[in-house]
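**Q** Position one of the sequence shown corresponds to residue 1 (the UniProt record's numbering), numbered consecutively onward.
Keep in mind the hints are simulated off the structure, nothing from the lab.
Careful: at least some of the hints might be erroneous.
[To be verified] Pairs of lysine-lysine residues, derived as DSSO-like cross-links and limited to a Cα-Cα distance of at most 30 Å, are as follows:
1) K288 x K275
2) K296 x K275
3) K305 x K13
4) K263 x K32
5) K263 x K288
6) K98 x K296
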Amino acid sequence: MYNSLSVTTVFPKLFTTFLYLWSFFTAIYQIKWINYTFMITMLWSLYLIGYYAYVQAFMVGPGSPSDFPELRVNSIEAAEAGTEFPPEYLSQKSITLKHDGRARVCRTCLVWKPDRCHHCSSCDRCILKMDHHCPWFAECIGFKNHKYFINFLIYNSLYATFVCLISSKELWNWFSQEKYVTELINIHLLLLFIVSLITSVSMTLFTAYSIYQVLINRTTIELYAYRRYKEELEILQDTTTTYNSQSNRPLPTDNVFDLGSYKLNWCETMGTTWKEWLLPVQTNKYIKSRHTSDEKGLYFNINRKVASQLQESAILQDRLLRRVTPRSSRDYSQLSQREDLVRTT
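Throw the hints in and build the complete structure from the sequences for me.
**A** In structure tokens:
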């Protein structure tokens, strides 16, 4: 009897491998019009680098706070009550906190959750800088394998587009030379064209979207969270107008992890050199930081201006809510502590 989790994990990888091999050998044996050496070189190069990036993405994995012993929580009750604290380097550099101002913690994994970390129900663990759970990898895309994922998308799109172009030309030759009068269409060639066409269009669009997300340093999860956050800010802006007519400054809606330029954001994920951008290899800054806590997905460079505005907005929101909802003296003490934190940052 098969384990259902094993099947769902192994099948996507086997299916993707089959598609790669089937399209590769079908193109070699069925396409005649193009120079054979050129076709082999192009197909083999795109296939090898694309499939290597695919394998690396699920072999390396996304990374999890459970991989770091110092992030494990001894008592979840103490952590939520504020009597157990995360490591100092994490508390000092994290900007994402719970509504009560305490560090985020996962009750399932029993670990402290760094910025951009989320719990994946499919993987049943917390994922560092989680982007999304990809069924084609049977794995999450996160901090450690995001670069390999982008490399795979780029080369797989090029591979599918190349196969689509050469197979469409072969079909056109069959039609234009009126070979249909004497012979049936090659079903393998037709399937190759259909599959490559669908794959090239869908993958190219998804690759463009994924690259754009990297260029603005935003994950898919943060995109959905941003939409909810924007709705809350619109409500808060209306409340500001109603209860504090003196505050007319627009509230910030910017991504705090957006460093202000496409290049800086791109380098955060993909590395700083052309070699790192083009090849599915580890970035130099990740290798250089292997003996430190840097470049581990535990904290990130942030836009200081946006972070300051968000902290000020959090205090403003708390003040406005207190005007309509009476709070205890303990709440006012927490607000004072948050104001002191803003003044020191």
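**Q** For every hint, state whether the structure bears it out.
**A** Against the structure, the hints:
Under the criterion of a C-alpha separation no larger than 30 Å, the hint pairing K288 with K275 is consistent with the structure, at around 16 Å. Distance hint between K296 and K275 is fulfilled; the C-alpha atoms sit about 21 Å from each other, no more than 30 Å. Between K305 and K13 the alpha-carbon distance is near 43 Å, which puts this suggested pair outside the 30 Å criterion. With a C-alpha separation of about 42 Å, the suggested pair K263 and K32 falls outside the 30 Å cut-off, and the hint is violated.
Using a Cα cut-off of 30 Å, the hinted pair K263 and K288 holds, with the two alpha carbons roughly 21 Å apart. Between K98 and K296, the direct Cα distance comes to roughly 22 Å. Compliance with the 30 Å bound is thereby established for this hinted pair.
Taken one by one, the earlier hints fail for this structure at numbers 3, 4, listed in ascending order.
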